[in-house]
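Student: For reference, the chains in residue letters:
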Amino acid sequence: GAVVSQHPSRVICKSGTSVKIECRSLDFQATTMFWYRQFPKKSLMLMATSNEGSKATYEQGVEKDKFLINHASLTLSTLTVTSAHPEDSSFYICSARAVERAFGEQYFGPGTRLTVT
Amino acid sequence: QQQVKQSPQSLIVQKGGISIINCAYENTAFDYFPWYQQFPGKGPALLIAIRPDVSEKKEGRFTISFNKSAKQFSLHIMDSQPGDSATYFCAATTGGGNKLTFGTGTQLKVEL
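First to last, the protein sequences are chains Y and V.
In my numbering, each residue's number is its place in the first sequence (first place is 1) plus 23.
In my numbering, each residue's number is its place in the second sequence (first place is 1) plus 852.
The following block holds chain Y by itself, in its conformation from the complex (with noise of 0.2 angstroms):
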């Protein structure tokens, strides 16, 4: 159980152009998901935190406008690197907060490498 899905899981674009990425939650409901943005050998860093059916909270120093974020069901997040440019590349981690957890545990997609050329 807990598993989550992401959609694509590498992608290239040219830059200008927008990439959106797919997060679900296969097996459970997640009211909350994280997006994390990833840089070779370093830990993850947290982008956004969206709750189903309202605005994603930004953390500091992320442009909203050019990460859209939409938690449009329980069970899927969509992430839309708009306008994309070669700073963008990087390997985006989406996680789902189990509801029926006692905890809330998160459990994390496979992660999409996405390269902006």
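Misleading hints may appear alongside valid ones.
To be verified - So the derived label-pair ranges between C-beta atoms look like this:
1) Y:Val122 x V:Ser907: 26 to 32 angstroms
2) V:Glu963 x Y:Pro31: 34 to 40 angstroms
3) Y:Met68 x V:Leu898: 34 to 40 angstroms
4) Y:Phe62 x V:Asp905: 31 to 37 angstroms
5) V:Leu898 x Y:Cys36: 41 to 47 angstroms
6) V:Thr880 x Y:Cys36: 42 to 48 angstroms
To be verified - The list that follows gives simulated cross-link-like pairs (lysine-lysine, DSS-like), each with its CA atoms no further than 30 angstroms apart:
7) V:Lys867 x V:Lys961
8) V:Lys867 x Y:Lys65
9) V:Lys920 x Y:Lys89
10) V:Lys961 x V:Lys920
11) V:Lys961 x V:Lys857
12) Y:Lys43 x Y:Lys89
13) Y:Lys64 x V:Lys857
14) V:Lys910 x Y:Lys65
15) V:Lys923 x Y:Lys65
16) V:Lys894 x Y:Lys78
17) V:Lys867 x V:Lys910
18) V:Lys961 x V:Lys923
19) Y:Lys37 x V:Lys920
20) V:Lys909 x Y:Lys65
21) V:Lys857 x V:Lys867
22) Y:Lys37 x V:Lys894
23) V:Lys909 x V:Lys920
24) Y:Lys64 x V:Lys867
25) V:Lys910 x V:Lys857
26) Y:Lys64 x V:Lys894
27) V:Lys894 x Y:Lys87
28) V:Lys923 x V:Lys909
29) V:Lys923 x Y:Lys37
30) Y:Lys65 x V:Lys961
31) V:Lys857 x V:Lys894
Stated by the list, open to error - Not the full set, but computed from the structure, chain V residues with beta-carbon under 8 angstroms of chain Y:
32) Pro886
33) Ala897
34) Leu952
35) Gly955
Everything labelled a hint here was simulated from the structure, so no lab data went into it.
These numbers come from a predicted model, not from an experiment.
Built from N, CA and C at the ideal position, the CB exists for glycine as well.
Model the placement of chain V on the given structure of chain Y, informed by the hints.
Tutor: This is chain V only, laid out in the frame that chain Y set:
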């Protein structure tokens, strides 16, 4: 202070040995401490977690030791195997499921 300090940065252990990774925190409001295992190119996987009302939790070869007064917790991997070679992150959070504060990670290599 929200920081979680993790050490060592990297660790090499012989097959069958014990791997020990340490974390320390400042925020006494933290009440949930998970450990995650991450393989290259993959997302982190929840390995084991502990609450501060217990001093130790064991699941198979993995044990968390928790010292509330010292504000430290550690992961012990017994009988380490080459398949355990990965990056390990400690984390902490408050209030049951709020955002996680991650440690900086430890790259573990288990050699034959």
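Student: Which of the numbered hints are not met once you compare them with the structure shown?
Tutor: As far as the earlier hints go, 3, 5, 9, 19, 29 are violated by this structure, in ascending order.
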